[in-house]
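When you get a sec, could you build the whole thing from the sequences and use the hints?
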Amino acid sequence: MHRRSFLTAVAGACCGLPPIPRLLRAAPRERLTKPIPGSGEQLPLIGMGTWITFNVGNDPRAISERAEVLRAFFAAGGGMIDSSPMYGSAEAVVGQALARLGGSPGLFAATKVWTGSGADGPREIAESQRLWGAKRFDLLQVHNLLAWREHLATLRAMKADGRLRYLGLTTSHGRRHGELEQIMRSEPVDFVQLTYNIVDREAEDRLLPLAAERGIAVIANRPFRRGDLLGVAQRHSLPGWAADIGCTGWPQVLLKFIVSHPAVTCAIPATSQVAHMQENMDAGVGTLPDAATRRRMAADFAAL
Amino acid sequence: MAEWSTYSLGDFLPFAQATYLRLFQLYNARFWPATVIGLALGVWVLWLLYRPAPDRVRLASLVVAGCWLWIAWAFHWETYTPLNWAARYAAGAFCAQGLLMLLAARPVFRWSGRVDRSRAPPRIGYGMLVFAVFLMPLLGVLLDRPWQGLEWFGTAPDPTVFATLGLLSMAARRVRLILMVVPTAWCLFSGLTLLALDDPLWPLLPTAAIVWTAVWFRQPAEQS
Numbered sequence: 001m002h003r004r005s006f007l008t009a010v011a012g013a014c015c016g017l018p019p020i021p022r023l024l025r026a027a028p029r030e031r032l033t034k035p036i037p038g039s040g041e042q043l044p045l046i047g048m049g050t051w052i053t054f055n056v057g058n059d060p061r062a063i064s065e066r067a068e069v070l071r072a073f074f075a076a077g078g079g080m081i082d083s084s085p086m087y088g089s090a091e092a093v094v095g096q097a098l099a100r101l102g103g104s105p106g107l108f109a110a111t112k113v114w115t116g117s118g119a120d121g122p123r124e125i126a127e128s129q130r131l132w133g134a135k136r137f138d139l140l141q142v143h144n145l146l147a148w149r150e151h152l153a154t155l156r157a158m159k160a161d162g163r164l165r166y167l168g169l170t171t172s173h174g175r176r177h178g179e180l181e182q183i184m185r186s187e188p189v190d191f192v193q194l195t196y197n198i199v200d201r202e203a204e205d206r207l208l209p210l211a212a213e214r215g216i217a218v219i220a221n222r223p224f225r226r227g228d229l230l231g232v233a234q235r236h237s238l239p240g241w242a243a244d245i246g247c248t249g250w251p252q253v254l255l256k257f258i259v260s261h262p263a264v265t266c267a268i269p270a271t272s273q274v275a276h277m278q279e280n281m282d283a284g285v286g287t288l289p290d291a292a293t294r295r296r297m298a299a300d301f302a303a304l
Numbered sequence: 001m002a003e004w005s006t007y008s009l010g011d012f013l014p015f016a017q018a019t020y021l022r023l024f025q026l027y028n029a030r031f032w033p034a035t036v037i038g039l040a041l042g043v044w045v046l047w048l049l050y051r052p053a054p055d056r057v058r059l060a061s062l063v064v065a066g067c068w069l070w071i072a073w074a075f076h077w078e079t080y081t082p083l084n085w086a087a088r089y090a091a092g093a094f095c096a097q098g099l100l101m102l103l104a105a106r107p108v109f110r111w112s113g114r115v116d117r118s119r120a121p122p123r124i125g126y127g128m129l130v131f132a133v134f135l136m137p138l139l140g141v142l143l144d145r146p147w148q149g150l151e152w153f154g155t156a157p158d159p160t161v162f163a164t165l166g167l168l169s170m171a172a173r174r175v176r177l178i179l180m181v182v183p184t185a186w187c188l189f190s191g192l193t194l195l196a197l198d199d200p201l202w203p204l205l206p207t208a209a210i211v212w213t214a215v216w217f218r219q220p221a222e223q224s
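Chains as they are written, first to last, in my numbering: chain A, 1 to 304; chain B, 1 to 224.
Treat the hints with care, since some could be wrong.
Unchecked claim - Below, a sample of chain B positions facing chain A; criterion: calculated Cβ distance under 8 Å: (1) Thr6; (2) Gly10; (3) Pro14; (4) Phe15; (5) Ala16; (6) Gln17; (7) Leu23; (8) Leu83.
To be verified - Not close to chain A: a few residues of chain B, all C-beta gaps over 10 Å, as computed: (9) Val63; (10) Arg106; (11) Leu138; (12) Arg174; (13) Trp202.
If you're looking for bench data, these hints aren't it; they were derived computationally from the structure.
We put the beta carbon where it would ideally sit given N, CA and C, even for glycine.
Pasting the structure below:
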């Protein structure tokens, strides 16, 4: 039993609160976190992406459903929400859903700047802040390295003024890794976001070791390859080792593989369903696979 | 160039199929009774073209031009662009098509000659109009989609584009060549969108555009 659970149970018994077993069941499981290398701030391993899933326009029903997804996310100890101006209405929907919750404890607000003009960056960032209802972002990233020199200058100035906590760059689908590597070597950045999952592992060769060496946090996108990996995996039963690392479903297996890499700080699966959110968040508790188990996981998945 | 090969069709669509289908429900509700007016206009166009004298064809083209302009603003700009930033370009293209059709309908231009409905292309064109006005919306019913989200002539792009191809079968060759660019481009764009969304209706518009183009390019210049 965790010390927190034990103390909570004792306190409950002493104060005439609900019986100990109920309290134990209600007690949240310990969330696994990793430090952001540049600051030591702890970040939950499982964040949330918004590509496609939160782009629902002005549909009030869908916005209510997404608010419930966010409620489940925060109830399970979620932290980072990642979006972009490129994702249609996703930023506006995140902002409306957050407003409905009336509070978002632990929110780590991350979005991107996505315009080919450096001069347009500040206007776009201001619009993103308005849509999110955010006084400031925790993290702003240059989307797909678009006009990265100009935007990084803007983000550095914002960080120096205290209007931004962290800055970074993103790629996806394994594109432009060479250019990203050069930037990571030459520019001080807090975060990089790239595609990393049990199949797309090119980043293991150079980018992840470089991130560890340079003290750069890593956000892994496309953890399920937009659902394709789950589609393959869920036709098969879970391997025996899944129980050893506390997994009851394939989403947890795939996410634990990602976040157990020492250089990866968090993964950002996207979903539009509360049940799937809860499944995803279960990957952020319990045991993470060691290096030997990770090798076995990758080999077994490749053999599916 | 190598980077483009890493994209799949789905990477270009920032929304899910359920969101796209729901879009039409919200659109029809927001602009109600535009769908009813659109359907009525479609019936009027069919009546005008039943005996397609040049003035009646010209009037039908004015009605359809108005539908293009409406869709440019109400659907693409107001409704679709918040979901898909690329829709702003579709809004521009639909607006341009509407304006071109208005321009081409002016009496100084020879929109069409005397349309001989005994020839195959005008007959096929009229059949396409009937299909677009009455049958295309019902395809959604066959796929168990809610009736509130059906796509109607005059307000939704696909049936309006389909009907426009039918109308253009009655146009003079030069007019047809100019006015077919945007509709055929939309057929391709819409087909690819639906393909990326795994929608079973995806082949409909691209096939129509290909067949329509092939039929017309095999025809000699029409009589006037």
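Hint check results:
1. A distance limit of 8 Å between C-beta atoms decides the matter here; for threonine 6 of chain B the minimum to chain A is near 5 Å, and the interface restraint holds.
2. Among the interface hints, the one on glycine 10 of chain B holds; its C-beta lies about 7 Å from the nearest C-beta in chain A, closer than the 8 Å criterion.
3. Nearest Cβ of chain A to the Cβ of proline 14 of chain B: about 5 Å, under the 8 Å cut. The hint holds.
4. Proximity of phenylalanine 15 of chain B to chain A holds as hinted, the smallest CB-CB distance being about 5 Å (cut-off 8 Å).
5. Given hint, alanine 16 of chain B at the interface with chain A, holds; its Cβ is 6 Å from that chain's nearest Cβ, closer than 8 Å.
6. Look at glutamine 17 of chain B: its Cβ only gets to about 10 Å from chain A, farther than 8 Å, so that hint breaks.
7. Hint on leucine 23 of chain B holds. Least Cβ distance to chain A is approximately 7 Å, under the 8 Å limit.
8. About 5 Å separates the beta-carbon of leucine 83 of chain B from the nearest beta-carbon of chain A, less than 8 Å, and the hint is met.
9. Every CB of chain A lies more than 10 Å from the CB of valine 63 of chain B, the least distance being 29 Å, so the non-interface label holds.
10. Residue-level check passed: arginine 106 of chain B sits 38 Å from the nearest beta carbon of chain A, beyond 10 Å.
11. A cut-off of 10 Å between C-beta atoms confirms that leucine 138 of chain B is not in contact with chain A; the least separation is 24 Å.
12. The claim that arginine 174 of chain B lies off the interface holds: its Cβ sits roughly 38 Å from the closest Cβ of chain A, which is beyond the 10 Å cut-off.
13. Every CB of chain A is more than 10 Å from the CB of tryptophan 202 of chain B (nearest about 18 Å), matching its label as outside the interface.
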